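Visitor: Single-letter residue listing:
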Amino acid sequence: MERFTTLTAIACPLALENIDTDQLIPARFMSRPRAAGYGGFLLHDQRFGPDGARGFILDSPAYSGTRILVARRNFGTGSSREAAVYALWDFGIRCVIAPSFGDIFASNAVKNGLLPAQVSEIEADQLLAVLSDAPAPMMTVDLEANAITCGNQSIQFVIDPVRRLQLLNGWDDLDLTLQHQAVIQDYRGRRARNQAWAFPTIN
Amino acid sequence: MKARTLFDKLWDSHVIVTRDDGEALLWVDRHFVHEGSHHAFRKLDEKACDVAEPSLTFGVADHYVPTRGRPVIADPEIAGMVQRLKDNTGKHGIRQFGLDDPAQGIVHVVGPEQGLTLPGLLIVCGDSHTSTHGAFGAFAFGIGASEVAHVLMTQTLWQRKPKRMRIIVDGALGLHISAKDLALHVIATIGTDGARGQALEYAGEAIAALSMEGRLTLCNMSIEAGARCAMVGPDELTFAFVKDKPYAPKDDALAAAIREWQSLETDADAIFDRELRMNAADVAPTVTWGVSPEDALPITALIPSPDWLAPKRGSYVTEALTYMGLQAGVPLTSVAVDRVFIGSCTNARIEDLRAAAAVLKGRKAKVPGLISPGSSTVKRMAEAEGLDRIFTDAGLVFAESGCSMCVGMNGDLVAAGERCASTTNRNFKGRQGVGARTHLMSPAMVAAAAVTGHLTDVRDLPPVRS
Ligand code: SF4
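Top to bottom, those sequences are chains A and B. At position 78 of the first sequence the residue is numbered 77 (numbering that gives the first Met the number 0), and the sequence of numbers has no breaks. At position 356 of the second sequence the residue is numbered 355 (numbering that gives the first Met the number 0), and the sequence of numbers has no breaks.
Hints are computed from structural coordinates only; laboratory data are not their basis. Just to be clear, a hint being listed does not mean it is correct.
Residues of chain B clear of chain A, computed beta-carbon distances all greater than 12 Å [what the hints assert, rightly or not]:
(1) 97
(2) 141
(3) 153
(4) 174
(5) 278
(6) 283
(7) 297
(8) 304
(9) 332
(10) 394
(11) 433
(12) 459
Calculated lysine to any residue pairs in the SDA-like style (CA-CA distance at most 25 Å, straight line) [said to hold, decoys possible]:
(13) B/46 with A/98
(14) B/160 with A/173
(15) B/42 with A/88
(16) B/85 with A/47
(17) B/85 with A/32
(18) B/162 with A/30
(19) B/160 with A/176
(20) B/46 with B/67
(21) B/311 with A/161
Okay, the calculated beta carbon distance ranges per label pair [said to hold, decoys possible]:
(22) A/14 with B/67: 40 to 48 Å
(23) A/152 with B/307: 47 to 55 Å
(24) B/361 with A/57: 49 to 57 Å
Given the structure is predicted, the values throughout are model-derived calculations rather than measurements. A virtual CB, placed ideally from N, CA and C, is assigned to each residue, including glycine.
Looking at chain B on its own, in the form it has when it is part of the complex (with noise of 0.2 Å):
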């Protein structure tokens, strides 16, 4: 049998039918929706069609939940979405991980959590960064509404087979030095339209040290490099993560999925339409300066000024600078930040809030801060820990789960003018609110930010006399 790429494996174990036009009809496995979905069942409901499989559908929401005095939503638009959420999934049966539930979290860091995220399933989800379930293996994507429309009423989708990219990477990452970093380098390196469209696998040294946590961090990203989806192979340590999650296969049968999952590699000639090699070495603490995640630079460099770039580079970071507020060749660590945040499906599982604290522990931070655990497991967790005491004595608030101040939906949002350092994954303009500026970064840099009150490079901090 040919040499199969494991996307190549994921796409051939989906398919249903392949029409002459090379269009496949594709099985999907999972189904996420969140508040944003009423667009999808409106048109469910002017077909007046039923949900196909209710059972393999799960409702979340993360979008619009307020991070504070839950449950209640003073804003009757934001508790509508909310509220209709709820609605729609009870109408058709769907679990839903609501406000009040227990497990209820951000989409992403909710549904390998609760062992629905397995190697070797297609997920989809209106929501671009699907992609992130890839870090167990899975062929996981964003969708539009018209598409979670044709999912809740029949299962599938129509798809055309993408091309495959490889990204090994070799070497070991430094200290203090994340899949975020990793992530960024990546992006400002290939380009936000990098990897467009592509089923983009990582492989090598780097990627096999990664956490689960690290994994699902760098799937995330890659969105943002353009990639239709992203993908780790499953290892030992991705079917150790699945074990007795709520959801997951169990005894014998989990027995018999591991089997399976074992297969789900790379042949060892298995032909990628594009391959890049990179060296973990290379990778610094890595912070955006501009209004895309490509405008990214280690944080020990200057800020670009327009007089070094050709013409039409030039006047786009003219623009962005304006935007940003910054100067022009100065370094990125003169930068005063006015806010921090940590959360969001990039970076608020519990490593990353760890890591965090490793910086903040016994420290002031000089900004104030947000920090929105990626689900409310996690923010047990995070309890259990201490964690959330390290937070509140540096000054930070520690709040409830949900997309928050990644988007702002819940009124969780940044000021115009305002700079804010943040975990997230969308330094676009306006994304944190009207005339807000973000620098994306890992938490550990977020965390070194908040404490000295500017862009910081995690590793000049000086050690906390005790």
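Looking at chain A on its own, in the form it has when it is part of the complex (with noise of 0.2 Å):
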């Protein structure tokens, strides 16, 4: 996994409330191979219509080279799709500050090294107005130091300690598993003779 320390880069204000997972990625998009991208997805029915490109917000030459996103509360609900996470990282996205996030949506962006940034909804409001108005949308998001810089704006920003860690060193979750390999073996024995109802059977 890559890892995550401080990004300088152009920030995307999206003024959105419920950006859901639906919207992130539409799920006709899923059952194509990741190999191919899927940053051409991301939002795709916000930002293209049957008559092609609608000036989405996203797609304005001002915001060119994106890879972070602001948005308002409730970011990433929905769908457990992963592939919302593909979405936005194929697109260039490293990182996305909003009030809330959508539970499985967190998890998933961690583990593909996306920092989901949490702010309060004022400081989101305050982050949307600022870029908005500003003529190089520049941003500063540092994870040493939890903080977000923009313009002569200064917020910190929350994230779960154990999922900083584990973007700031690009630690995956499975070498980790396989280093207990012995107490997951003795568990299942104590499970499988303790409660053998667990366990399948079918006659």
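Could you use the hints to bring the two separately framed chains together as a complex?
Guide: What follows is the structure in structure tokens.
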């Protein structure tokens, strides 16, 4: 997994709440292989209509090369589809800042090296305002310091400390789990002995 | 010993090891995979790993399966998805409930039906509505593809213990008012992030009185309130449901299991991080008007107007109403629908089909509609009871089982601009198709909308003259 330490990049304001994972990547694209890249599917139906591009903010030249998104509450709510993170990642997004995130989305994000940075509703509104007015909407997100700097604003963000370490170090859960192989086998043995009913049988 | 909640008990019994930082490695008793799990199987292949516990893993073809014309699948991309699940499960020795299996259906309907879902288990699936299985007093939650791959490889998962929340519902639900109405009422009350990341237990008189189907509906919808998982303490009704299910323990093993399951209840003085109390008498038939499940109101209400609201909420409502093609401030019952859908893991169990049939019996639908049973087993039960005839006599299509128009992956789509009264769980923009407009409600309410052609209070339908 790619490590996340600090990032200075163009940030795009999405002043919307409840951007669910069905919007982030519509279901019809999820049968596609990842190898071809999911970036074109990101927020597809907001960006493209039957007559082509709709002039959605993400596609405006000022935000080309965006790597950070700022949104309103409940970003990534809904379906557990990790493809929502793939779409963000393949588009180039490495950090999403919002007042709250869908529970499964936030977990998926971290597992792919994408930072879900939580701020208050008021701070999100401030960042959205600064970005909308800025001619060159640059932002710095520093995970070591849990800090966002944008224009003359400086804001502390919140992230679960374990997730923070995972992102800083680029850790993969699997390597960690394999170190516990012996205790896993012990547990399995106990479960099979004491809760035989927990193992399915058909007769 | 310290008093514990039901969730504490479920958690404690699955912890393999807890790290100093609080993350715990949990044992997974059941893992369901579906066509969408292909990303996870690819990760497995990349690492050249085997499935750790194939006999605890079950495949179900549901998201992409056709509801008509089986077994032919015209679209090669969709056919490829169904085939890929068959190949992946076949290769790893996993039991698959595939397209041609008499027990095929939606994963969250098949699990309970097959006795794979039991009290006291930890159940995961790469699908957010896995919370459904908590209705049995199980610890069940949805996971992403990376976690699916991790479970396939290790049969375990790292988790941090969530906070515990309880909603107690006193009193009794009124006539024609179902678990779906209660679920929408809860979500409208606490918001789509109201239970964010929490383990949510339902208790109280109104919950005890719910059927297993009703409890499944309620736990299913809890993900729309942001909950990590939802649960109801198992009782005699739960044990009776499990008995005689194909994969459930039998005879002595069942008796031993039940003895253990009886301890799966929240201790009297256990503490929750948050508790709410509601009264079932306050729940009306409830429908959504907007693009989030929290945008729900009693059917007797008016569509909200941005003018009544603070500016930020007002602009959200304006945008939602524009997408939905609705006028502010008019009665919900004035909204005409173009089609209806009865299906999904939320509301396509036998009790749901019976509730819809009770309304449709002797009546004709004014709009077209599709009914996709929750499983092929439910389909056969409905046919045995003659419900299929009631549906087709009303002019609706009674089809095969799958996720169908809940998500449209199999091609069962609502056309752009069309308005659908639906028993599903998400009214997100584009969920049922690009530009589709979804109103969520109970099966009885969808049936009522079908016969009048507009959103309707099912309690107001005049009796059918025979
Ligand atoms: S019926 Fe809908 S919500 Fe349920 S599993 Fe299928 S797609 Fe998901």
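Visitor: With the threshold set at 25 Å, check whether the alpha-carbon distance from residue 311 of chain B to residue 161 of chain A stays at or below it.
Guide: violated, 34 Å
Visitor: Is residue 85 of chain B within 25 Å of residue 47 of chain A, Cα to Cα?
Guide: violated, 34 Å
Visitor: Is the Cβ of residue 283 of chain B farther than 12 Å from every Cβ of chain A?
Guide: holds, 24 Å
Visitor: Residue 160 of chain B and residue 173 of chain A: Cα distance at most 25 Å?
Guide: holds, 19 Å
Visitor: Can you confirm whether the C-alpha distance between residue 162 of chain B and residue 30 of chain A stays at or below 25 Å?
Guide: Outside the cut-off at roughly 35 Å; violated.
Visitor: Are all C-beta atoms of chain A more than 12 Å from that of residue 141 of chain B?
Guide: Label violated. Min Cβ-Cβ 4 Å, cutoff 12 Å.
Visitor: Range hint 49 to 57 Å: satisfied by the CB atoms of residue 361 of chain B and residue 57 of chain A?
Guide: About 53 Å separates the Cβ atoms of residue 361 of chain B and residue 57 of chain A, which means 49 to 57 Å holds.
Visitor: Holds or violated: is the Cβ of residue 433 of chain B farther than 12 Å from all Cβ atoms of chain A?
Guide: violated, 6 Å
Visitor: Holds or violated: is the Cβ of residue 394 of chain B farther than 12 Å from all Cβ atoms of chain A?
Guide: Answer for residue 394 of chain B: holds, closest chain A Cβ roughly 28 Å.
Visitor: Given the hint that residue 160 of chain B pairs with residue 176 of chain A, test it: the Cα-Cα distance must not exceed 25 Å.
Guide: Within the cut-off at roughly 17 Å; holds.
Visitor: Hint check: residue 42 of chain B vs residue 88 of chain A, CA-CA at most 25 Å. Holds or violated?
Guide: Judged against 25 Å, a Cα distance of about 17 Å means the pair holds.
Visitor: May I ask you to check that residue 459 of chain B keeps its beta-carbon over 12 Å from the closest beta-carbon of chain A?
Guide: holds, 32 Å
Going through the hint list in order, the structure does not satisfy hints 2, 3, 11, 13, 16, 18, 20, 21 and 23.
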